[in-house]
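Participant: Start from the sequences and build out the full structure, keeping to the hints where you can.
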Amino acid sequence: MMPNYYQHYCPVKILSGSHAVSNIPYELETLGCSRAMVVTDKGVAGAGLLTIVREAFSDASCTIGCIFDKTPVDSSNHVVNELAGLFIENGCDCFVAVGGGSVIDTAKGANIVVSEGTDDILKLQGNEVIRKELLPMISVPTTSGTGSEVTKVAVIYNEDMKVKMSFVSDKLYSKVAVLDPRMTMTVPPRITAATGMDVLTHAIEAYTCLQKNPIDDIFARAAIELVRKYLIRAVEEGRDEEARLAMANASLFAGIAFSNSMVGMVHSLAHACGGVCHIPHGIANAILLPFVLEYNLDSIPQYISEIAPMLGGSAFNGEPKQGALNTIALVRGMLDKLRVISGLPIRLSEAGVPEDKLPDIARAGINDGSLVFNPVEADYDDALGVLKRAF
Amino acid sequence: MIDPIRKTLLAIRSLPFYPAFQTRVKYLTIDAILSFFGPAFEAVSSRVPEIKGELAQWEDGRRFAVGVLPDGPFITLEKRGDMVYYLGKGLHEPEISMLFKNLDAAIPVFVGIHGSFKAFAENRVLVKGNLAHTMEVNRIVNIVNAYLFPALVHHRVLKRPPRFTLAQTFTKARVYGGLIPAVIRHMI
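So the sequences go chain by chain: A and B.
Here this note's numbering is used: the first residue of the first sequence is 1, the next is one more, and so on.
Here this note's numbering is used: the first residue of the second sequence is 1, the next is one more, and so on.
These aren't lab readings, by the way, just hints derived from the structure by calculation.
None of these values were measured; they are calculated from a predicted model.
Among the hints, a few may not be true.
[As the list claims (entries may be wrong)] Listed below are the simulated DSS-like cross-link pairs for lysine-lysine, each with C-alpha atoms no more than 27 Å apart in a straight line:
1) Lys101(B) x Lys159(B)
2) Lys229(A) x Lys321(A)
3) Lys52(B) x Lys162(A)
4) Lys357(A) x Lys52(B)
5) Lys89(B) x Lys321(A)
6) Lys101(B) x Lys123(A)
7) Lys101(B) x Lys132(A)
8) Lys171(A) x Lys159(B)
9) Lys321(A) x Lys159(B)
10) Lys123(A) x Lys89(B)
11) Lys101(B) x Lys171(A)
12) Lys159(B) x Lys388(A)
Facilitator: Here it is, written out as structure tokens:
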């Protein structure tokens, strides 16, 4: 069905494939930059991935002005403000984010602070609030999950309020996204599984939520099909370059899709699980996806049903609800397999969520902006019901 | 018969002052609706227990505004105690602003053609301020809409139309009874 109205925007140049990282200095020079701030985390640095980036800069006129490798798992407003201060102190003029979603979002947050000339990211909360052009930023994802390299969203943890905040703006797009299979080879099986399910969740929510549109449907479909074909392969054989690059592309496609179509209740509750219990985002998404699909089932059976063939099931010509149930069974099948081969938890209890925290998660979940885009209304009791079923 | 009517309408629309006139009419329509909506919000919040339950989570003095970019109209409301008070037209230092990008984006929501959730989904609303607080505002706007709009249009303006109990229907009647005095009080 054609939507009454939709918007689509993705101004990111994409470099995908063998030795893509080597092109970063050239791209920065083209953008008029000369001194880059590299943002990363201890895990990336420890895995030796920074060496690949350093090598790329070895014969370039553009230099690395500073390396910040202290990005935590759930980056906070305080880290963002600290990073912005270091950027100015070191005279940098662009960001190169090398890492997962937290690293890329931290760099986006610091870019907002520096470009808007403020001292605190919290002053610029909201949707489409940023007015100034941000400094050039290149994103190099080292996990295939968040799609943050092509999204207009930055999720930052508010340490004071204990919630994850979303910053949404067309200004937040990276100038260039670099997908290099070398950068995801070392990701362990369990994280590969969780981030892969994050990709699937992005694509499925983009395909089924209220801002669904024909352009993003194409990206979502492509992402779902790549996940079906390559996720298990990437988990079982991490050195499989083709599978790694395919998953990086799936993540990027899903990122483009959900950056425009947005996400729904899975993400509202997953953000809340992260905020309240520090459950990794991909794991929370993986656990909640089938339960939220069940919750939305009666409202959008047709859209959920259409996903079954993309996941390798047969097209269903009968009642859409039966087809939708088939899709949910296929998602559960994939989760069961990932659980066996990687130890991915498929229940909140297995992921370490205490039962007495479910009300707090439900309360935080209904205050998450993603919920607006869910096709079915959800209040506190509804959210708690889904969480209890997923426990 | 249709052609002469269409031709006349086209002729009117091609008059040089028509776009400005049309914009003025839209502005005044929304201005009138917001002038009603502000006091109505007050009337609903003083009578509806569901709103009081939501407001219990808010800090006192939280202000939020609803309006249309770039030049209004706008209204600002404030939480005090267990009620929401209408502060009048304009932006009075709101913590949260929900601003439609233009008059055409706002009209369908204010006249009940579709709900604010659809305007959000279609990227027609700009939100300034804490998004978690905006979600809280959005929930009470939905409750207000449920009590203000007749059940006939609930399926258009709300994702999940409410099923009112007898007590809630009685509250709705009380809300309707309090609307005119509330509007008059703010006009004086």
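Participant: Work down the list of hints and note, for each, if the structure agrees.
Facilitator: These are the hints, each one checked on the structure:
{"no.": "1", "hint": "Lys101(B) x Lys159(B)", "in the structure": "holds (22 Å)"}
{"no.": "2", "hint": "Lys229(A) x Lys321(A)", "in the structure": "holds (25 Å)"}
{"no.": "3", "hint": "Lys52(B) x Lys162(A)", "in the structure": "holds (24 Å)"}
{"no.": "4", "hint": "Lys357(A) x Lys52(B)", "in the structure": "holds (25 Å)"}
{"no.": "5", "hint": "Lys89(B) x Lys321(A)", "in the structure": "violated (48 Å)"}
{"no.": "6", "hint": "Lys101(B) x Lys123(A)", "in the structure": "holds (21 Å)"}
{"no.": "7", "hint": "Lys101(B) x Lys132(A)", "in the structure": "holds (18 Å)"}
{"no.": "8", "hint": "Lys171(A) x Lys159(B)", "in the structure": "violated (30 Å)"}
{"no.": "9", "hint": "Lys321(A) x Lys159(B)", "in the structure": "holds (20 Å)"}
{"no.": "10", "hint": "Lys123(A) x Lys89(B)", "in the structure": "holds (25 Å)"}
{"no.": "11", "hint": "Lys101(B) x Lys171(A)", "in the structure": "holds (17 Å)"}
{"no.": "12", "hint": "Lys159(B) x Lys388(A)", "in the structure": "holds (23 Å)"}
Hints 5, 8 from the list above are not met by this structure, while the remaining hints are.
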